[in-house]
Amino acid sequence: MDYWRKSPKVFWSFGIPPTIWLFAFFLAPLFLVWGLSFGEKQGIIEVAITGTLENYSRAVQPLYLQIFLKSFWYAGLTTFFCLVISFPVSLAITFAPERWKPILLLLVILPFWTNLLIRTYALIAVLRTNGYLNDLLELIWLSADSGLRILGLGDWNLFGERFNRLELLYNNFAVVYGLVYVHLPFMVLPLYAALDRMDRSYIEASLDLGAGQWRTFRSVIVPLALPGIISGVIITFIPALGSYLTPDLLGGTDSQMIANVIERQFKSANDWPFGAALSFLLMYLTFFALAVKALLTRHNEKGLT
Amino acid sequence: MADQPVILQIKQVVKSFGNVHAVNGVNLNIHEGEFFALLGPSGCGKTTLLRMLAGFEFPSEGSIKIDGKETRDIPPNQRPVNMVFQSYAVFPHMTVFDNVAYGLKVAKTPRAEVRERVQDALALVKLDGYDLRKPDQLSGGQRQRVALARALVKRPRVLLLDEPLSALDAKLREAMQLELVKLQKAVGITFVIVTHDQDEALSMADRIAVMENGVVRQVAPPGELYESPNCRFVADFIGRMNLFSGITEGHEDEGLLNVKTEHLGKLTIPHFEKLSGELHLAVRPEKLRISSETLPSSHFSFPGEVDAVVYHGSESHVYLKTDAGPQLCATLTNLSRSSVRPKKGERLWIGWAPEDTLVLSE
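Here the protein sequences come in this chain order: A and B.
Just so it is clear: in the first sequence, position 37 is 37 by our numbering, and no numbers are missing.
Just so it is clear: in the second sequence, position 248 is 248 by our numbering, and no numbers are missing.
Only chain A is shown next, with the shape it has when bound in the complex (with noise of 0.2 angstroms):
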């Protein structure tokens, strides 16, 4: 760092190209659509920006209000599922030979290597009516089936007369069900690299001093992994909060979340400045919830200091 103070000309050369690139790519749109989302529109295609907040009163109608609650009740859902899923998956890794390590975390990143779309289509086979999980759960029913026959049960039936394919798909739990499956790595990540950086002593002092590892778990492990499930329920929820995919592809006709709203507004009602007021809308609220996350780490440093 002295360094570079001292030799300014590296440190602009290396400097100024992202933050160009930020500017012209990332600021200045977000400021076109910002100020969009104080506008009226004019006809097909123009608009003039009047400085109304009718778009944002438009925004906060019961309509959308619910459909923002929607998407956080959906996003809290994932995040909650994938604290879950992700606390034994990373326990277990840390605690896996460390040769195993990278081959087990390389498993966890691994569906980053794939599309999105592609990973979405491939849960649509998955849990479509004549997908793998009714094959599967269709197998099972037939054998079961067949076993009550041999024990001269058959015609009670008593698993049903046939089996009944499930509705698996484009329905509320596909959505929830694929956000979980989205976002897993990014709530294993952070509480991998939490756990496994926390010292194993505080652990063995913990079952030295007579605990169990129930006791251990709940009174030392998880708080001292505290700031990494933090971090893993922030970069869970905030992707989850604006999917647009998934609820797309995998949601029915009620399970629309924000994201698929405000497309909507940008794309077949072309109303663009009610949809740039429902993006900001949702990055003021995503603010909000990383503001939250600051005042809990200062907490959390706090208690730890």
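Read the hints as simulated data drawn from the structure, not as lab findings.
Ideal placement from N, C-alpha and C gives every residue a C-beta, glycine not left out.
Careful: at least some of the hints might be erroneous.
[Claimed, not checked] Short, incomplete list of chain B residues facing chain A, as computed with Cβ under 7 angstroms:
no., residue
1, Phe56
2, Pro76
3, Asn77
4, Met83
5, Ala89
6, Tyr102
7, Val106
8, Thr109
[To be verified] To give an idea of the chain A side of the interface with chain B (calculated C-beta under 8 angstroms), a few residues:
no., residue
9, Asp208
10, Gly210
11, Gly212
12, Val220
Since chain A is already given, all that's left is putting chain B on it; use the hints.
Then chain B, alone, in the frame of chain A:
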């Protein structure tokens, strides 16, 4: 101590990690109320042995009995032993009080008793009034006291200490050595300490086991270990030592052993044990005498030239190259402020009393 009942019985214990035998057939009996040290260079298996006592590792072979009870199937949280970790492992998210109370709360001790015992334990390690501090508001020495109080409050049968003083600075370490001994005598709990610092072991322990490559080489009280090591490794590891090899040339007389050394000629040493073949002779540097003329005839005496003088404050180490070949190290105590130390290149006589020679057959 030896008349006290055995509290820890370690029998033929082997611990293998893959092909490596970290601990390779250790037998030890540790008595009630003893301050016992496991001493050895890093990688000698002492920490692995301690971790087996705590229950974090299980022996591959052999048995460990605590209070006569086989520990093979007892997990760490059910053993009557507690440990002070090298890193202290004081929980950073809990106050001093909560740290010390943790083991009692886990055992569902009534609240009032927890309060009382924690206060007593904190008083014992001189941390009264620190209850509400968080660990990062404490110094290293204080954190260690918390770890100590946290383990002692459980009233273990045996307290295990893994290199407890290694993270402290020299002055504090010496003070803590003294305090640990006092504390141990006061509470009467058996202490087993692992250390690589011979000074620490010599100054604190009632008995020391010196380990090398997973094997115990000698178990003895500090004085015996220093003055009568039983092998080259122990002689060389504990303190400083001048070592030379030789071959026995039979016994001259009852209790006198003739040894033909490689460079220093034939030496006759008082030694009662009958020996033959190759052996090693050893003399402690502080037992060597340096003189400007030849030493009295009761001493071995060799002429030589001073190679180096290393000043250590209270004493100086004089390295003298004898004309016969071997280099010898002698310790001179700087008894007065004006003590004259030999100069490099000075020609002197060096020697020692035959009875100060140690005969090591392995």
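Hints versus structure:
{"no.": "1", "hint": "Phe56", "verdict": "holds (6 angstroms)"}
{"no.": "2", "hint": "Pro76", "verdict": "holds (5 angstroms)"}
{"no.": "3", "hint": "Asn77", "verdict": "holds (5 angstroms)"}
{"no.": "4", "hint": "Met83", "verdict": "holds (5 angstroms)"}
{"no.": "5", "hint": "Ala89", "verdict": "holds (4 angstroms)"}
{"no.": "6", "hint": "Tyr102", "verdict": "holds (5 angstroms)"}
{"no.": "7", "hint": "Val106", "verdict": "holds (4 angstroms)"}
{"no.": "8", "hint": "Thr109", "verdict": "violated (10 angstroms)"}
{"no.": "9", "hint": "Asp208", "verdict": "holds (5 angstroms)"}
{"no.": "10", "hint": "Gly210", "verdict": "holds (5 angstroms)"}
{"no.": "11", "hint": "Gly212", "verdict": "holds (6 angstroms)"}
{"no.": "12", "hint": "Val220", "verdict": "holds (6 angstroms)"}
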